[in-house]
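These protein sequence lines map, in sequence, to chains Z and B.
First residue of the first sequence: 0, per numbering that gives the first Met the number 0; consecutive thereafter.
First residue of the second sequence: 0, per numbering that gives the first Met the number 0; consecutive thereafter.
Hints in this document: simulated from the structure, not taken from any laboratory.
This one's a predicted model, so the numbers in the text were calculated from it and none came from an experiment.
Among the hints, a few may not be true.
[Stated by the list, open to error] In silico lysine-lysine, DSS-like type, Cα no more than 30 Å apart, as pairs:
#1 B:Lys231 <-> Z:Lys142
#2 B:Lys70 <-> Z:Lys142
#3 B:Lys231 <-> Z:Lys213
#4 B:Lys207 <-> Z:Lys213
#5 B:Lys191 <-> B:Lys207
#6 B:Lys235 <-> Z:Lys213
#7 B:Lys2 <-> Z:Lys213
#8 Z:Lys99 <-> B:Lys2
#9 Z:Lys186 <-> Z:Lys213
#10 B:Lys146 <-> Z:Lys99
#11 B:Lys152 <-> B:Lys140
#12 B:Lys231 <-> Z:Lys111
#13 B:Lys191 <-> Z:Lys213
#14 B:Lys175 <-> B:Lys235
#15 Z:Lys213 <-> Z:Lys111
#16 B:Lys175 <-> B:Lys207
#17 B:Lys140 <-> B:Lys175
#18 B:Lys70 <-> B:Lys146
#19 B:Lys191 <-> B:Lys146
#20 B:Lys48 <-> B:Lys70
#21 B:Lys70 <-> B:Lys85
#22 B:Lys70 <-> Z:Lys143
#23 Z:Lys111 <-> B:Lys85
#24 Z:Lys143 <-> B:Lys235
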Amino acid sequence: MGEKTVQKNPVDMTVKIGGLTLQNPVMTASGTFGYGGEYAPLMEISRLGAMVTKTITLEPRLGNPQPRIWELPYGMLNSIGLANIGVENFIGRALPQSVKFGIPVIVNIAGKDEGDYGELIRILDGEEGVAAYELNVSCPNVKKGGLLFGADSEAVGRITADCRKATDKPIIVKLTPNVADIAPIAKSAEAAGADGLTVANTVLGMAVDIETRKPRIPFVTAGYSGPGIKPVNLAKVYQARQAVKIPIIGCGGIMNWPDAVEYIITGAAAVQVGSATYKNPRIAIEVIEGIERYLIGKGVDSIGVLTASLYIVH
Amino acid sequence: MTKQIFQEKAEVLERRQIAPALYQFRLNSERIHQYAQPGQFVEIDAGDKFFLRRPFSIQNVRWTELELLIKTVGEGTETLVNLPGKWDIIGPLGNGFSAPEECTPVLVGGGVGAAPLKFFAGRLYNDGRDFRFFLGARNNKEIPFDKKEALYKELTIATDEGSEGFRGTVVEALEKHLNFIPQPYIYACGPKAMLRVLRELMIREGIKGEFSLENRMACGMGVCQGCAVPVKDGFKLVCKDGPVFPFDYIDDSYWRQNG
Numbered sequence: 000m001g002e003k004t005v006q007k008n009p010v011d012m013t014v015k016i017g018g019l020t021l022q023n024p025v026m027t028a029s030g031t032f033g034y035g036g037e038y039a040p041l042m043e044i045s046r047l048g049a050m051v052t053k054t055i056t057l058e059p060r061l062g063n064p065q066p067r068i069w070e071l072p073y074g075m076l077n078s079i080g081l082a083n084i085g086v087e088n089f090i091g092r093a094l095p096q097s098v099k100f101g102i103p104v105i106v107n108i109a110g111k112d113e114g115d116y117g118e119l120i121r122i123l124d125g126e127e128g129v130a131a132y133e134l135n136v137s138c139p140n141v142k143k144g145g146l147l148f149g150a151d152s153e154a155v156g157r158i159t160a161d162c163r164k165a166t167d168k169p170i171i172v173k174l175t176p177n178v179a180d181i182a183p184i185a186k187s188a189e190a191a192g193a194d195g196l197t198v199a200n201t202v203l204g205m206a207v208d209i210e211t212r213k214p215r216i217p218f219v220t221a222g223y224s225g226p227g228i229k230p231v232n233l234a235k236v237y238q239a240r241q242a243v244k245i246p247i248i249g250c251g252g253i254m255n256w257p258d259a260v261e262y263i264i265t266g267a268a269a270v271q272v273g274s275a276t277y278k279n280p281r282i283a284i285e286v287i288e289g290i291e292r293y294l295i296g297k298g299v300d301s302i303g304v305l306t307a308s309l310y311i312v313h
Numbered sequence: 000m001t002k003q004i005f006q007e008k009a010e011v012l013e014r015r016q017i018a019p020a021l022y023q024f025r026l027n028s029e030r031i032h033q034y035a036q037p038g039q040f041v042e043i044d045a046g047d048k049f050f051l052r053r054p055f056s057i058q059n060v061r062w063t064e065l066e067l068l069i070k071t072v073g074e075g076t077e078t079l080v081n082l083p084g085k086w087d088i089i090g091p092l093g094n095g096f097s098a099p100e101e102c103t104p105v106l107v108g109g110g111v112g113a114a115p116l117k118f119f120a121g122r123l124y125n126d127g128r129d130f131r132f133f134l135g136a137r138n139n140k141e142i143p144f145d146k147k148e149a150l151y152k153e154l155t156i157a158t159d160e161g162s163e164g165f166r167g168t169v170v171e172a173l174e175k176h177l178n179f180i181p182q183p184y185i186y187a188c189g190p191k192a193m194l195r196v197l198r199e200l201m202i203r204e205g206i207k208g209e210f211s212l213e214n215r216m217a218c219g220m221g222v223c224q225g226c227a228v229p230v231k232d233g234f235k236l237v238c239k240d241g242p243v244f245p246f247d248y249i250d251d252s253y254w255r256q257n258g
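Just chain Z, with the same shape it has in the complex:
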């Protein structure tokens, strides 16, 4: 499939996260877009603002037992367990494919221990094509790390600070929505040098087979994604926006462009489209086009004007 020439946009869709400039605010969320090239037959990857890779860990991970997914009326549960090829294979096999599309590749990383994050960055930082990092401190489907880090503002601060020492590239911290108050965690990441926050990962969920009384997912709890979580994560974006100055990337249940615009109005500078891609592989492109039409229709010439433009009448 031929790459499209980038045309001059009638509105300024560019977004800055740290030193990174995105051609538009729409990315594909980690875990829903593989390592980068998988969806190339079905959509124009080069038109995305950025892609975020599947979470990479120091060692390859096999992931959790079956079944790993369960469909729900308003989304799905997943319990993949960070199955991935490991950083060495990622650099050797996947990254050279991901960079071919000419858009920023944001590498999502996770560790079992706090020190793993910085170590992963030290391994990745010299590699061509790594535009930024997203720290996954919020995976609900692993026994070590993941959510345990993400719910602890001090741990998030330590991990972010350690990563900050390891790179000059932008660091985005992907937070969990599974906390009573996201503000202290967001502040801790910002204070430790994060350039942006992804708000947020999946919501902890579960489902039970009432015939067998077994949980649908052997790990029992799982990550809930899909339109059912949009109101939850939207509220987290609202709260995080009031707590920090750094750009927020809204994520959770975006099914169409109005969902994305809601996140942007609420406080997001950019958005990530996640498991909606499974049903409609072109969803991210449709979101880009929809946001652009919306801005033109409202007579707004820049996406930045829309960010955090929430109009509250008290």
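Since the structure of chain Z is provided, determine the placement of chain B on it from the hints.
Below, chain B alone, put in the same frame as chain Z:
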């Protein structure tokens, strides 16, 4: 190399209910039919009510048409078989059956799992290969083939109550014929319980072959890692690495799991 995968709106040319929960469909496809290989599958959007697509193996390709055999197993498939208008389909996905080498291909299908074997049988017939086909069904109504077609001359049918052909399971029928098949090589698709028994027979008799597996999946594209199955050296994805695997590459732990 980029794989040839397409998303298209397919017109439903025929919808025929052949048994209480079994439907025969013919779809018009623009490009998927050109690239589809026996054993590959498509993912179909079951409408606004459902978050995920549903995977179905390609039962056959005729001219520009795809044939699908759809068994309704829940709300999603029940909605799909009645979905009006064109269907949104993605395919062809996964890797199909390998081309047979020096052997007698023996096709073993159970229930709706027989679907991709119809496609494969047609390919073998056109290639002038001598092959056998064992088909297990609940009863004579659930046999989705026109048995009068020449390619089915070597078809052995097994039904649970003996309403047609052999009375018993398809694996029992195969076992009875096995001694008369030179250098058998098995291509199987069907319920896990069938494959489990077939596998034991193959190990006992020292027969090689490949199984098409099924699993719950979300993306169908090798992205979400939802459909991983244990193999001898880790996990493989049913959607991208399979659905067809050498039967002895699938790890023993897979057969111990229910289903």
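Check your understanding: Where does the structure disagree with the numbered hints, that is, which hint numbers, in rising order?
Key -> 2, 4, 7, 9, 10, 14, 22, 23
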